[in-house]
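**Q** Given chain C, put chain U in place with the hints provided.
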Amino acid sequence: MDDVPDTGDEDSGSRGLRGFLRRLTSSKAELEAQELQKTSGSEGATPIKACAARRRACVAGTLRTVTLRPRGGAPALEAELYDGSDVIDLVWLGRRRIAGIEPGRLVRAEGLVSVQDGRKVMFNPRYELRGSA
Amino acid sequence: MKQAVLHAPKRVLVGRPLRTGQMGETLLPKKLALPVFCSDPLSSVAYATEEILLALSLGGLAMLTLSWWVGAGVVFLLLVVVASYRQTCHAYPGGGGAYAVSRANLGENASLIAASALLIDYVMTVAVSVAAGVANVVSAIPALGPHAVGIALSLIAIIAVMNLRGVKESGRAFAIPTYGFVASVFVMVAAGFVRAAFGHAPSAESASLTVHASHGTAGAAAVLLALRAFAQGCTALTGVEAVSNGVPNFKPPKSRNAATTLTIMGLLAVTMFGGITALASIAHVHIAEDPAQLVGAPRGYEQKTVVAQLSGAVFGHGSLPFFLIQAFTAAILVLAANTAFNGFPILASILGGDGYLPRQFARRGDRLVFSNGIVILSLLAGALIWAFDASTTRLIQLYIIGVFVSFTLSQSGMVKHWGDELRRTTDPAGRRAIHRSRAINLVGAVLTGLVLVIVLLTKFLHGAWIVVVTLPLVFLMMKAINRHYRRVAAELEPKEEGVPLPSRIHAIVLVSKLHTPTLRALAFARATRPSTLTALSVATSEEEAATLEREWSERDLPVPLKILDSPYRDITGPVLDYVGRVRTKSPRDVVCVFIPEYVVGRWWEQLLHNQSAFRLKARLLFRPGVMVTSVPWQLGSAKAALARRPEDTGFAARRRVRSGAA
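Chains as they are written, first to last, in this note's numbering: chain C, 907 to 1039; chain U, 11 to 672.
Treat the hints as calculated values from the structure; they're not laboratory data.
Just so you know, these numbers come straight off a predicted model, no measurement behind them.
A virtual CB, placed ideally from N, CA and C, is assigned to each residue, including glycine.
Be a bit skeptical, because a hint or two may be false.
Here are a few chain C residues that face chain U, going by a calculated C-beta distance under 10 Å [to be verified]:
1) E936
2) L937
3) E941
4) T968
5) R970
6) V972
7) G978
8) A980
9) E984
10) Y988
11) R1001
12) R1003
13) R1011
This is chain C alone, in the form it adopts within the complex (with noise of 0.2 Å):
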């Protein structure tokens, strides 16, 4: 995932005016990421960008959307979760809501990562609320 802001080593090659101009407009992306960097540390949880297909891991993060599905097909709750290195998307089967899976919500979840089109998915996790992030 190329839109994960690159915290590490942001100056690195782009010094001078221009460098200076894209630390000050991407700052607030940065800034969100290296706090849920912090935070998911302090969770014990493994960061998403780490964690390997196939395997069980505990991540945590932001939800970043939560997608409501339509009635008709198939009931699912989606949200994508966040937690400054990577995301992954948490899928519910067979549930349409689940109270407190919302976006902004801080969230530790438990469970087996599978890799779909490319994306890190994780069915019916085992799930906390952390309180707002």
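**A** Only chain U this time, still in chain C's reference frame:
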């Protein structure tokens, strides 16, 4: 409504729009072309003599005897230039004058130098002639002195509006002052000569004054002064190229009519200039740049213009002919700007068509004139007048350099043109004619080149350096514009393989609240049958997100609703981020973002709506592979505005029938 309010005054000022087919009706017969294209060279006789005398008077009274020679030099030059430009009219009937000639014969750079010189000089022509006309008005009514800049600016505005009405109409309006000026100058010169022939020659009011020399007149200094006087007198030549630029505006046979007009103009200008110069010499008109140089002048003596002094001497001060001549002189000086108003837009349109200026210059307006060129010219000239405080003496120093640059280039181009023709022609009679034409143009090129050097040398320190600096800047600007256009054209050139069909379309409908515009956008997006369809909302507050979620499931909409978290409460950022992530799935995928928008009928409503939608749209347009679709929702005020707009009533009526269905 805005349109209607703006339209009424425009209609009054500019007149009814003309159809493209009516183009032929705006072509000029010779008698109207003369005032349109020639008011500038004709008007300059009003001050060319004066400028010569002013320059000579720096060397004292003795130098004034040289005015004959300087005047003769100017007349000769004028005849040569007119003869040379007659050739151009025949050889390049497409107009464009110096630019077209040097482009065809001397290459791109030379033609751009000629064009930038001409563009600058047209602006100068407007500024100088309007300033000179206002100076005449102010000397008649001194109370207007403090408002000179304001008067000059409003005069420019009036001329611009006249020209926006169309070439033919402006020709009609300008015919009276032009012909009036020509007739009155002839009457004055004739009357003066008749009086001189009968023994009591007219004597100017300044004849008794002597001029105190402020410059040395020994040897080289005298030559330099004479040259400077000659350079000043060359203002009489400006505007000659306007005819050859405007050949397409003539009635057919275009080239012949243009050449004839040029000849008539040259003869009129030469006789008028010669007559005035001769009469000034007979009547002993003495004027000086600095009134302190005049010895024996009564206290508070106000220098009058040469034409005023002459008409006073011939007809007597305060007589009816005196006032008539003054009025016509002031009028034609202001109208001389009109020549530039015809030259500049045509040249700009040719340059715009060739991609050296913004393309808008090549577009004809409501009245089939190049409105953009007219507007830009009046703005530039107005700025110049404002910057130089409408002072003729300061402005005139910047003048005529551009003209002579373009003269020299176009004459050299013509020499080359005839050389090429000569290689193609075998018929001996034709070759003789070409040899003659080439000789005329060669003499013209050498002479104008010489004059250019003289003008540059004598005027450089007096302000001409501004032009010398500006000219390369304009040149570089045109090169840069052309480079840009060429680069864009190369970029837009369709490739051999064409454009591939997008493999998938991911539609995203932006949702802020669940209301009718959103539902309509959703319905429309579903009807376009995209590969995937998602409704996207940004949760700026938990309550709003919850409400939207609840309403969404209550309505049972068959579209998944994605709610984005926005940790920093802005809307644009998360949406852009999301769109970027959708895009990365496959390079040939296209993301289509549907944005519901309000259409409002009043300007202040615009401030209250759509702000985030506009911001988002502006940012999304920069993303590759993202299409943005506006789904407008006409509010009641917009519908009312539509009904008020006269040209859209048909559309409004048709829509009203179905508006309930939306």
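**Q** Now tell me, hint by hint, if it's right for this structure.
**A** Consistency of the hints with the structure:
no.: 1; hint: E936; verdict: 12 Å, violated
no.: 2; hint: L937; verdict: 9 Å, holds
no.: 3; hint: E941; verdict: 9 Å, holds
no.: 4; hint: T968; verdict: 6 Å, holds
no.: 5; hint: R970; verdict: 5 Å, holds
no.: 6; hint: V972; verdict: 5 Å, holds
no.: 7; hint: G978; verdict: 6 Å, holds
no.: 8; hint: A980; verdict: 12 Å, violated
no.: 9; hint: E984; verdict: 8 Å, holds
no.: 10; hint: Y988; verdict: 8 Å, holds
no.: 11; hint: R1001; verdict: 13 Å, violated
no.: 12; hint: R1003; verdict: 8 Å, holds
no.: 13; hint: R1011; verdict: 8 Å, holds
Comparing the model with each earlier hint shows violations of hints 1, 8, 11; every other hint is respected.
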